[in-house]
Structures are given as structure tokens and as C-alpha cells.
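Protein chains in written order, with numbering that gives the first Met the number 0: chain A, 0 to 143; chain B, 0 to 80.
Don't read these hints as lab results, they were simulated from the structure.
All values derive from a computational prediction rather than experimental measurement.
Note that beta-carbon positions come from the ideal geometry of N, C-alpha and C, so glycine has one too.
A hint or two may mislead.
Between beta-carbon pairs, the in silico distance windows are [said to hold, decoys possible]:
#: 1; chain 1: A; residue 1: Q83; chain 2: B; residue 2: E80; range: 32 to 42 Å
#: 2; chain 1: B; residue 1: T29; chain 2: A; residue 2: Q90; range: 47 to 57 Å
#: 3; chain 1: A; residue 1: P95; chain 2: B; residue 2: D73; range: 40 to 50 Å
#: 4; chain 1: B; residue 1: S40; chain 2: A; residue 2: P89; range: 26 to 36 Å
#: 5; chain 1: A; residue 1: Q103; chain 2: B; residue 2: A65; range: 16 to 26 Å
#: 6; chain 1: B; residue 1: A48; chain 2: A; residue 2: D72; range: 43 to 53 Å
Sample of chain B residues at the chain A side, in silico, Cβ under 7 Å [stated by the list, open to error]:
#: 7; residue: I42
#: 8; residue: A60
#: 9; residue: A70
#: 10; residue: K75
Simulated crosslink set (DMTMM-like; lysine to aspartate or glutamate; CA at most 25 Å straight-line) [what the hints assert, rightly or not]:
#: 11; chain 1: A; residue 1: K54; chain 2: B; residue 2: E80
#: 12; chain 1: B; residue 1: K61; chain 2: B; residue 2: E72
#: 13; chain 1: A; residue 1: K62; chain 2: B; residue 2: E43
#: 14; chain 1: A; residue 1: K62; chain 2: B; residue 2: E55
#: 15; chain 1: B; residue 1: K61; chain 2: A; residue 2: E48
#: 16; chain 1: A; residue 1: K62; chain 2: B; residue 2: E66
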Amino acid sequence: MRHSRKLIPLILIVLITTACPSSSDLDHMASASNELAHDTLTANRVVAEFFKAGKIPLEAKDKIAVKLGVIGDKGNKFNEILIQLDAKYPQGTLPPSDLAFVRQNLSELRQLYTDIVADLLPFGAQKAVSDLNKHISAIEKVVQ
Amino acid sequence: MPINLFDILDGLERALPILGGLTGHPEIGTLAGRLLDIAESEIERRRAATGRTRSEVLADAKAAYAEAKTANEDLKKLGHE
Numbered sequence: 000m001r002h003s004r005k006l007i008p009l010i011l012i013v014l015i016t017t018a019c020p021s022s023s024d025l026d027h028m029a030s031a032s033n034e035l036a037h038d039t040l041t042a043n044r045v046v047a048e049f050f051k052a053g054k055i056p057l058e059a060k061d062k063i064a065v066k067l068g069v070i071g072d073k074g075n076k077f078n079e080i081l082i083q084l085d086a087k088y089p090q091g092t093l094p095p096s097d098l099a100f101v102r103q104n105l106s107e108l109r110q111l112y113t114d115i116v117a118d119l120l121p122f123g124a125q126k127a128v129s130d131l132n133k134h135i136s137a138i139e140k141v142v143q
Numbered sequence: 000m001p002i003n004l005f006d007i008l009d010g011l012e013r014a015l016p017i018l019g020g021l022t023g024h025p026e027i028g029t030l031a032g033r034l035l036d037i038a039e040s041e042i043e044r045r046r047a048a049t050g051r052t053r054s055e056v057l058a059d060a061k062a063a064y065a066e067a068k069t070a071n072e073d074l075k076k077l078g079h080e
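So here's chain A without its partners, still in its complex pose (with noise of 0.2 Å):
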């Protein structure tokens, strides 16, 4: 009996760190795509500024923002899925399939990302998505 009372809190600490995670894979990831949201839009802005000071040709702001719109579409789409994930797992911790699905859209989102930071360096405007870069990072750490 006495043992049994000396293991309560000992239970209960182990309970509560395992259980309930501070940041699980999801939080980094739910993180990152919310980042990843917001660095679109100011994207999409920036690049709007950019072409009404008339530092960007309507030609190559015309094909820079079919591409926003591409990442902006595939960008909603992997939020969509980790919405899906977070309802099935509220724990935070994806099994290894799951993960592999979404290592497999983040990689789509990459390879945009890749094309269109190579369509702003001419303008100045790698700044408008330098962040992108950041936080696709932040998910590929977690996906890993």
C-alpha cells in the first residue's frame, strides 16, 4: 500500500509528459502551414507592389502569379490534409503511413516553391517568399 502511494505521482508524471505532448509532430507541422498561409498572401501582395512601382514586367507578373495561385491551391490542399490529421490523431503523433502522405505533398509543394523563387531573384522580390523557404523546411524536419 505504501509503495502503491509513493508510485501515484510518479504514475501521474509520466502520464502527463507522455499523453498530452507539448509539440507533437502535428503542432510543428499545423505551425508551418499556418506560416506557410501567410507568407503566400504577403507573397501574392508584395509582388502586386512590385508590378504597380512597375519593377516587374506584366509578363513575368502575369506567370509568377499562376504560380502563387498553383502553391496558394496545393498550399490549401496540405493544410486540408493535416486539418484531417489532427481530427484523427489528437494526440499530435502520426503513424508512418500517414506521414508518408504528407511527405509526399510537401515534396509537390517544394518543387513550386523551388520555381518560384527562381522567377523573383531577377526582381529583388526574393524577399516576398524567403520565409517559404524557412518554414517548408520546418515540415521536411518533421517529416523526416
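Got chain A sorted already, so can you dock chain B onto it with the hints?
Quick look at chain B alone, frame taken from chain A:
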């Protein structure tokens, strides 16, 4: 003394149009001013985004993507009206 980023941005916002005028490129001042507005709203957003649950973070991302879609449609229309 702590640095107030908003004071710096405010100072830059006042100085850049003058600099644009002095260099004969007023569009630089206008562009810089607009970029500072975007930076300010982003800083404000980051300040407000603390202590949220994962579901709230994902809902915020969803709203931002919806806003980005509208901004992207506006961007595509620019120069074609």
C-alpha cells in the same frame, strides 16, 4: 532601452518617400511605404498569434489561404483591366 520595431517602421515610412523624391525615383518611396505596411501587418499578426491550439492554428491557415486566393485573383487581373 528596448527597440520598438513599430517606431523604426514608422520612421522608415516617413523617410523613404523623401529619399525617393531626392533620388528622382518617387516610385521607390511609394513601393517602400507599401512594403512597410505589409511588414507592419505581418508583425501585428505574429504578436497576436500566441497560445493557440493546433486546431485554431490550422483554422487560421485555412483563412489565410482563402485570403491569399482573393489576393492572387487580384494579382492576376492587374494590368489586364
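Against the structure, the hints:
Judged by the Cβ atoms, the range 32 to 42 Å given for A/Q83 and B/E80 holds: they are separated by roughly 39 Å. Between B/T29 and A/Q90 the CB atoms are about 50 Å apart, so this pair conforms to the stated range of 47 to 57 Å. For A/P95 and B/D73, the hinted distance range of 40 to 50 Å is satisfied, since their beta carbons lie about 41 Å from each other. The given range of 26 to 36 Å is respected by B/S40 and A/P89, whose C-beta atoms sit roughly 32 Å from each other.
The given range of 16 to 26 Å is respected by A/Q103 and B/A65, whose C-beta atoms sit roughly 24 Å from each other. Take B/A48 and A/D72: their Cβ atoms lie about 23 Å apart, and the range 43 to 53 Å is violated. Evaluation of the B/I42 hint against chain A yields a violated restraint, the C-beta minimum of about 12 Å exceeding 7 Å. At a threshold of 7 Å, the smallest CB-CB gap from B/A60 to chain A is about 4 Å, leaving the interface hint in force.
Taking 7 Å as the C-beta contact cut-off toward chain A, the hint placing B/A70 at the interface holds, the least distance being around 4 Å. The interface hint given for B/K75 holds, since its Cβ lies 5 Å from the closest Cβ of chain A, which is under the 7 Å cut-off. A C-alpha spacing of about 19 Å is found between A/K54 and B/E80, which places the hinted pair at or below 25 Å, so the restraint holds. Proximity of B/K61 to B/E72 is assessed by CA-CA distance (about 17 Å); at most 25 Å being required, the pair is judged to hold.
Of the pairs offered as hints, the one joining A/K62 and B/E43 is violated, with about 30 Å between alpha carbons and a cut-off of 25 Å exceeded. Between A/K62 and B/E55 the CA atoms are separated by roughly 33 Å; this puts the pair beyond 25 Å, and the hint is violated. Annotation: proposed proximity of B/K61 to A/E48 holds, straight-line Cα distance about 24 Å (limit 25 Å). Distance hint between A/K62 and B/E66 is fulfilled; the C-alpha atoms sit about 20 Å from each other, no more than 25 Å.
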